[in-house]
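Chemist: Please arrange chains B and C on chain A, whose structure you already have, making use of the hints.
Protein chains in written order, with our numbering: chain A, 1 to 314; chain B, 315 to 617; chain C, 618 to 1059.
Source of the hints: derived by calculation from the structure; they are not laboratory data.
Just so it is clear, the structure is predicted and the values come from calculations on it, not from any experiment.
For each residue, glycine too, the CB sits at the ideal point set by N, CA and C.
Derived contacts from chain C toward chain B, CB cut-off under 10 Å, selection only:
#	residue
1	Leu688
2	Leu698
3	Gln723
4	Gly828
5	Phe881
6	Lys1016
Straight-line alpha carbon distances no greater than 16 Å define the calculated EDC-like cross-link-like pairs of lysine to aspartate or glutamate that follow:
#	chain 1	residue 1	chain 2	residue 2
7	C	Lys962	C	Asp738
8	C	Lys787	C	Glu815
9	A	Lys261	C	Asp683
10	C	Lys868	C	Glu1037
11	C	Lys915	C	Asp788
12	C	Lys1016	B	Asp356
13	C	Lys1016	C	Glu692
14	C	Lys944	C	Asp701
15	C	Lys919	C	Glu791
16	C	Lys915	A	Asp43
17	C	Lys761	C	Asp848
18	B	Lys455	C	Glu876
19	C	Lys792	C	Glu813
20	C	Lys689	A	Asp257
21	A	Lys153	C	Asp701
22	A	Lys81	A	Glu61
23	C	Lys787	C	Asp909
24	C	Lys989	C	Asp909
25	C	Lys1016	B	Glu570
26	A	Lys224	A	Glu209
27	C	Lys667	A	Glu71
28	A	Lys153	C	Glu702
29	C	Lys761	C	Asp1006
30	A	Lys81	C	Asp683
31	C	Lys966	C	Asp982
32	A	Lys261	C	Glu692
33	A	Lys81	C	Glu681
34	C	Lys989	C	Asp910
35	C	Lys913	A	Asp43
36	C	Lys949	C	Glu679
37	C	Lys868	C	Glu1031
38	C	Lys689	B	Glu570
39	C	Lys1016	B	Asp378
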Amino acid sequence: MSSSSETHQSQHPAFYMVVVMLIIMAIGPIALMFVNSFKLDVDIISGTSGLLFLPTIQNYETALCDVLPYEMEHLDFCALKFGGAFVNSLVIALVSTILTLVIGCMAAYALVRFRFMGRDAVSGSTLMVRMVPPAVLLVPVFGLWNNEFCISKTSWLGSLIRDEFGGRGDVCLAGTHSGIILIYVAMNLPFVIWILQSFIVQVPRQLEEAARMDGAGPFQVFFKVVLPLIKPGLAAAAIFTFRIAWNEYLLASALSDRDTKTVPILIVNNMSEFNVEWGVIMATGMLLAIPPIIFTLFASRQIITGMTAGAVKG
Amino acid sequence: MSTATFNRLTPYLFLAPAVVIMALALLYPLGYMIYGSFRAWDPSQALGESTFVGLANYVTLWNDPSFHESAGVTLKFAASVVSVEMFIGVGLALLLDRNIRGMSVLRTLFILPMMIAPVVVGLIWRYMYHPSVGIFNNTLKSLGFESIDWLGQHALLAVILADIWQWTPFIFILSLAALQSLPRSALEAARIDGATAWQQIIHIKLPLMMPVLIVTGLLRLIDAFKVLEVILVMTEGGPGLSTEILALRISRTATEFRELGVAAAMSNYLLMMLLVLTVIMLAYNRVQEYRAARAIRIIEEDI
Amino acid sequence: MIKFKKSLLCAAAGTVLLAGQAVAGPYDDYAGQTLVVNFPAHPHYDAVRKILPEFTKQTGIEVEVDQLPYLKMRERQTLELGQDEGDYDLIAYVVFSKADYVYADQLENLARYFMNPKLADPSYDSADLIDGYVYNIGFAGGDKGYLQGKTGSLFGMPYGSETSVLGYRKDIFEKHGLSVPETYDEMLDIACKIPELEPGMGGLSSRAASGHHAAHAFLLHLAPLGGRIFDDSWNPTMNNEAGVQAANALKTIVDCGPEGAASFGFGEALGSFLAGDTAMFLDTTIVAGQIDDPDKSKVVGKVGWAMHPMGERRASQTGGFGIGIPKNAENKEAAFLLMQWLTSKEGDKLVALAGGNPSRFSTHDDADVNAKFPHMKTFGEALQHADPDWRPIIPVWGKVNADLGTTLSKVLTEDLDIQEALDGVAERTTAIMEEAGYYTWK
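Same shape as in the complex, but just chain A (with noise of 0.2 Å):
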């Protein structure tokens, strides 16, 4: 990587052409979609490019009409809930995120220390279970989840479960919060202790072992010694996670049901055959990409190490 202290090299021009149209060719269509998103469908569907239309955010208005407190003129009723979509999105990407993390940190720590696999033995298994693409699991996810990882509602826990929220029918884990962030954090674990392992071997145990002389317990040691010698490897491990809990579609959508959609759910649902609105699609879609946007902008760095980490190293 090329540090910032040694001497910019000056390019040809055309060099510099090459990289411009790059940029453009990367972020266009995300600035598309974003100057779309401020046009009413008329001026979108006329076809009228460019920059000449009057900015509207009428269309976020309509999204979000759950959550704005005043009524909207142009609507008659609140058809999209992505205020709700978007805190479901919100509770299910950050709850899986950090027990992917917790969970899968404690794994890497003692597959590194205890020495329990080889390296080779753990990426191996990494790599299967990445092989497996989320609609393989859809089958299954859909049956247990429905019918199998059940209480019954006569039980002690499920009538309790039913006075408190109620509902009808058996409490099953499909149509909760907690299913989802079930699946997501299975699916993510074995490429979050990939990653970690690789940032966990390049502690020095002698730290670790001086923490144990001063007689502190093995917990302890994990928590105060190791943990905070490995946080660009849980921020790049915790960016990736949130990125797929927040991104997914497929599984949310065969699990959750009209109280626990995603905002990727609601998209889809919205691309409905009778009637594309784009102006509202795009600024739903805008919506959804802001976090990601964000994390980009702000952790690049950690990113291209998880990346490279996954990849280069692995």
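Modeler: Okay, now just chains B and C, sitting in the frame of chain A:
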């Protein structure tokens, strides 16, 4: 409990949550799927209520022309996106491996497409491919060309282009990292020997990068088999079955045709296909790693 | 997020508050209940959502709507109806789900409710409901299992009934002295003339995308041209002369259609008509509302309506949705009250004025409705020629439909030979029907 037993148990305690979750939510479902693939299974039934049909689901698929077409589309899609992305990604890495101002900004911008939800990528591209108001046809028209029926006659090409847009940066960034971690000594040696830029690339850089490139390619290949949302939003697998990759067909078989058993069998076929490809790539990687190690040794002996 | 159920206390308070407006009597026992209903994302049901507050105001019964794209809706219902206790009190279903749900014994027979003097409204006037729709959408167990007949009974009510009509651009037709097509030949002829007369404009925009879009477009032409999917003993006949003619018609329409027509779903097809890129549109009546909406349409006031052209016979599609009460619902009686209110004369008129599709004769003739939507009269006329048997409603139809849709899409984009393609569909359909047991009595 004494401290000694506690210490002996620690590793197991650390591993337990991960093992439990993966067993419950990955291994069990996979076993469940294999079991289900031998049964005539309807979404309104629990698996226990379904009837055992032996290999019938596998045989049906084996003889099903739609399944063949779908498998063909999947392979075509995966092969083209991986090869084109590798070509462009590695090419760009070689071109941009210079010490220029703003390199980190450039890298940040390149990562953006990868981070955005596939659903959103699909929606942006579906709009850009729109027959009358999309940016591609508008540009073509204003330049005086015939407009192209992107999502109709050229649907597969259209989804391949979208995937290339989203994932070429992945290969670019990994290749760049690989390039920058090459042993300086080898490159110095070549420069002293008077090798041209092309000779350096062909004889030194590429062979030395090869192990990383193979892993990168493998990761991309695996991911290419997972693509679903982008295509779902852009074409829903159409027209005909021209963009219906297996992942999409599995989900349609399960939800639209309501045949969970067949969908499970199809999932198994897909897994087997992936397994074979992965094993081949890994074996090839071993060979290349060995060669790269030998190449470094030879170059270093030269000095 | 799982919502806390409204406590009894809260419900009681609601009743007291609403007692002033509520009609004393039929609704009292149910005021304060919350019905969960599952509706499709569809213009008619958008209109329904606008009138639901009125229902709550009159009855004190709350309604929570779960609105989904209709393939998603069907998926969801498959899951919900299969359980011991389901979430939904009232569901809207597509016509062809009728076969699945009734066969799996998942819908309530409505006789019990119409017999109950406490629930059934004596002024309901069932004779005013459009016959074809009641039989097509609500009836099961009659002739062929899905048509009207002496052995049948009622499991749902038509709600959001559609038929096909021809929309045409009055200005374009006038400019070139074209007359509104009465027959298929005239329509195809004009469809292919338009691109010559008006460069850049397509003739007729139709759905054609792979899957149910293409299948739907084919079926739309099959019945008027004299064809059927099956003969009386369930042998596939979509590959006979009429079938080939229908596929040819579809191909001609797509070839003379707007750019990219072969990949159009319903949304794109309508979008191209709304944008003024095509001169004609042959599809469901549901689009009328959008065509007159200046926010969405560039052809406001330029569109005239005519009946679906004739081939061998007049046979426009019957489609749309019905509403029914799941067997595993929690509040079945209140659900019936909602269903009855929605399909009553009052509800039907309200939904028509809100932009929905009425399912009563009287609403189509209603002066207020016609004043707001002048096309309603034509639509009412078209409804009388609606063909309840334009597509079979049997449990395996989904499979046949999917195959038909994919194959036709190949005909449109890959130039497959039509006869060969349809023969293939017929052959695979025979196998499907054989497996499903339709040839047991041969």
